[in-house]
Amino acid sequence: MILTGGLSKTYSAGGWRVGYAVFPTNDFGKAVQTAILAYASECWSVASAPAQEAAAVAFDTTPEMDLYRTQVSALHTKCTLELYGALLRLDLDVAQPQGAFYVYPSFQPFAKRLESLRIKTSAQLSSWLITECGIAALLGSVFGEDDAGFSGGRYR
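First residue of the sequence shown: -5, per the working numbering; consecutive thereafter.
Check before you lean on any hint, since a few could be wrong.
Derived DSBU-like pairs: lysine-lysine, alpha-carbon spacing no greater than 35 angstroms straight-line [claimed, not checked]:
1. LYS24 / LYS72
2. LYS3 / LYS24
3. LYS24 / LYS106
4. LYS24 / LYS114
5. LYS106 / LYS72
Hints in this document: simulated from the structure, not taken from any laboratory.
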């Protein structure tokens, strides 16, 4: 078994992009670790010094860090579930979130209204949401969604 995690999920520190992997200590685990490290060194650069320092503190198993992790995860869960409820009240198709800070609604029910505002892609929807509503949203296309129009895919 290989255990993986990171600041974003474990500590609700979205965007920090610091992760870890714990490998078995047997020969197979060492071989897998060597292969993954060789691959990783060609794909990723080193985390910034501030991110490394934050990770060192976050991965400490003090009672203070345990309490912080519990409190911030509970806060993110509460906020995410509130947003989920608001999206359901708008009759949007959205799965109940399983993580700490992501929701993934479809804006298909508002296609005609959005098209009347000249919003035809998730990029346009994302721009409109931040400009007009103060809501930051990632593009559906970031998650592999079709960005050709409401009929060709789901807008997120």
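Here is what the structure says about each hint:
1. Between LYS24 and LYS72 the alpha-carbon distance is near 40 angstroms, which puts this suggested pair outside the 35 angstroms criterion.
2. The straight-line distance between the Cα atoms of LYS3 and LYS24 is roughly 26 angstroms, inside the 35 angstroms bound, and the hint therefore holds.
3. Taking the CA atoms of LYS24 and LYS106, the gap is near 56 angstroms; set against the 35 angstroms cutoff, the hint is violated.
4. Taken as a hint, the LYS24 and LYS114 pair is broken in the structure, with Cα atoms around 50 angstroms apart against an allowance of 35 angstroms.
5. Among the hinted pairs, LYS106 with LYS72 is consistent with the structure: their alpha-carbon atoms are about 32 angstroms apart, no more than 35 angstroms.
In this structure, the earlier hints numbered 1, 3 and 4 are contradicted, and the remaining ones agree with it.
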